[in-house]
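**Student:** Chain by chain, the residues run as shown.
2 protein chains.
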Amino acid sequence: MSEATRDIEALIELMARLPGLGPRSARRAVLHLIKKRGQVMGPLAEAMATVAASARECATCGNIGTADICDICRDDRRATGEICVVEDVADLWAMERGQAFKGRYHVLGGTLSALDAVGPEDLGIPKLLTRIRDESIGEVILALNATVDGQTTAHYIADALEGTGVAVTSLAQGVPIGGELDYLDDGTIQAALRARKRL
Amino acid sequence: MSEATRDIEALIELMARLPGLGPRSARRAVLHLIKKRGQVMGPLAEAMATVAASARECATCGNIGTADICDICRDDRRATGEICVVEDVADLWAMERGQAFKGRYHVLGGTLSALDAVGPEDLGIPKLLTRIRDESIGEVILALNATVDGQTTAHYIADALEGTGVAVTSLAQGVPIGGELDYLDDGTIQAALRARKRL
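Taken in order, these protein sequences are the chains called A and B.
So the first sequence is numbered by the working numbering: it starts at -13 and just counts up by one.
So the second sequence is numbered by the working numbering: it starts at -13 and just counts up by one.
Rather than coming from a laboratory, the hints here were simulated on the basis of the structure.
The reader is advised that the hints may include incorrect statements.
Note: identical chains are not told apart, hence a pair may lie in one copy or across any two.
Restricting the straight-line Cα-Cα distance to at most 25 angstroms, the calculated cross-link-like pairs of lysine to any residue (SDA-like) are [what the hints assert, rightly or not]: (1) Lys22 with Pro9; (2) Lys22 with Gly6; (3) Lys183 with Asp120; (4) Lys22 with Glu(-5); (5) Lys22 with Ala(-4); (6) Lys22 with Gly164; (7) Lys88 with Val134; (8) Lys21 with Ala103; (9) Lys22 with Ile55; (10) Lys21 with Gly136; (11) Lys21 with Asp135; (12) Lys22 with Ala35; (13) Lys88 with Gly173; (14) Lys21 with Asp108; (15) Lys21 with Ser40; (16) Lys88 with Leu157; (17) Lys21 with Pro5; (18) Lys113 with Glu73; (19) Lys21 with Ile163; (20) Lys183 with Ile127; (21) Lys21 with Gly173; (22) Lys183 with Arg23; (23) Lys22 with Glu(-1); (24) Lys22 with Arg(-8); (25) Lys113 with Asp172; (26) Lys21 with Arg63; (27) Lys183 with Glu(-1); (28) Lys21 with Ala132.
Go ahead and model the full structure; you've got the sequences and the hints to work with.
**Tutor:** Following this line, the structure appears as structure tokens:
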């Protein structure tokens, strides 16, 4: 096997490490890239090198940006009294796509998990509590996933903030917009019924 | 939106153009890359730039390599009297993984298609016929996909070679290794029965 094929094989192997791609789809993606090497592959390689060189985590909230402090933390127009706590940067991005939250964020980078031995220190929860005190936060919105670990983490943070006078809220649970009752699980229907509201 | 996010957004948009990735999975892949920017993202960007700069199609057979003539066409140890005709470079790679064919290839880059107005010239079939004559090929193996367009193309090439004395063969059809009869379509079972052989 010559250099040529070895380079291509190496690229396929690296692509196959991406989530959602296996060896077969990585091969297909690389072949597509080679066919469109002018329009797609060159720009993609460049964009990747740029981001690889510049991306870093925000020292304050854990969001990903290019500076030590991210755009959201630096933005004066955003409300300073509210912190939205999310598990992952992907969740932060999802919240931002919603365009409903105008405060700041805090990315935990995971959830508490007895099984995986993830404790409060591993998630920087002490740092979050310090931040809440130092930035005189009035409301903490827990936007954690509706999984067992997510809810355990939410309860832990709520407990830690008890007696501090900080309002702790969480996202409402109910029927998703466009959702059909017939396709929803029992738990969601129960939650939606309990939280019903007057029209 | 600052430069930071714009760079990341641009990367996500480029990734989403890969086959098998949509906007959501591209986001997930980019986030994964950013988290592992040292181990995966840097090397991936580099590998991509290398291949983008060096990859080209073989002037003889259409395979992808880094030189004007690919490794297979340059390899003296490969049989010169046989050409295996495939639709796409991916098919050539699949044949090579099989390690059964020791001759040379010819990549058509598609199939004849009346619907998409793809004619013999678009696939370089005249070039293939010239090659068969010039390289004094004894056997042409048609390894085209078992689709309607693939079989139409196979018949067209077989017709074009009639009377030239060149043996035209195609891959056998039958039960795949490890295949279960119950899961096979009727056409495959019929083909396998017609082509049955004495043990």
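**Student:** Can you tell me if Lys22 and Ala35 fall within 25 angstroms by alpha carbon in one copy, between copies, both or neither?
**Tutor:** Both: 19 angstroms inside a copy, 13 angstroms across copies.
**Student:** Evaluate Lys88 and Gly173 at a C-alpha cut-off of 25 angstroms and name the case that applies: within, between, both or neither.
**Tutor:** neither (30 angstroms within a copy, 61 angstroms between copies)
**Student:** Cα distance capped at 25 angstroms. Does Lys22 pair with Ile55 within a copy, between copies, both, or neither?
**Tutor:** Answer is between: at 20 angstroms across copies they meet the 25 angstroms cutoff, but 37 angstroms inside does not.
**Student:** 25 angstroms Cα cut-off: does Lys183 pair with Ile127 within a copy, between copies, both or neither?
**Tutor:** Within one copy only: 21 angstroms inside a chain, 71 angstroms across chains, cut-off 25 angstroms.
**Student:** How would you label the pair Lys183, Asp120 (within, between, both, or neither) given a Cα cut-off of 25 angstroms?
**Tutor:** Classified as neither: same-chain Cα gap 36 angstroms, cross-chain 82 angstroms, threshold 25 angstroms.
**Student:** When no copy is specified for Lys21 and Ala103, does a C-alpha distance of 25 angstroms or less occur within a copy, between copies, both, or neither?
**Tutor:** Between. Shortest inter-copy distance 21 angstroms satisfies the 25 angstroms Cα cut-off; intra-copy 46 angstroms does not.
**Student:** For the identical chains here, do Lys113 and Glu73 meet the 25 angstroms Cα criterion within one copy, between copies, both, or neither?
**Tutor:** Within one copy only: 15 angstroms inside, 58 angstroms across.
**Student:** How would you label the pair Lys22, Glu(-5) (within, between, both, or neither) given a Cα cut-off of 25 angstroms?
**Tutor:** Result: close both inside a copy and across copies, 18 angstroms intra and 21 angstroms inter.
**Student:** Within a copy, between copies, both or neither: which one fits Lys21 and Ala132 at a CA-CA cutoff of 25 angstroms?
**Tutor:** between (43 angstroms within a copy, 24 angstroms between copies)
**Student:** Which holds for Lys22 with Glu(-1) at a C-alpha limit of 25 angstroms: within a copy, between copies, both or neither?
**Tutor:** Close inside one copy (19 angstroms) and across copies (15 angstroms); limit 25 angstroms.
**Student:** Given a CA cutoff of 25 angstroms, do Lys21 and Arg63 count as a within-copy pair, a between-copy pair, both, or neither?
**Tutor:** Classified as neither; 46 angstroms inside a copy, 28 angstroms across copies.
**Student:** Indicate which option fits the pair Lys183, Arg23 if close means a Cα-Cα distance not exceeding 25 angstroms: within, between, both or neither.
**Tutor:** neither (56 angstroms within a copy, 47 angstroms between copies)
The structure does not agree with the numbered hints 3, 6, 7, 13, 19, 21, 22, 25, 26, 27 stated previously, though it agrees with the rest.
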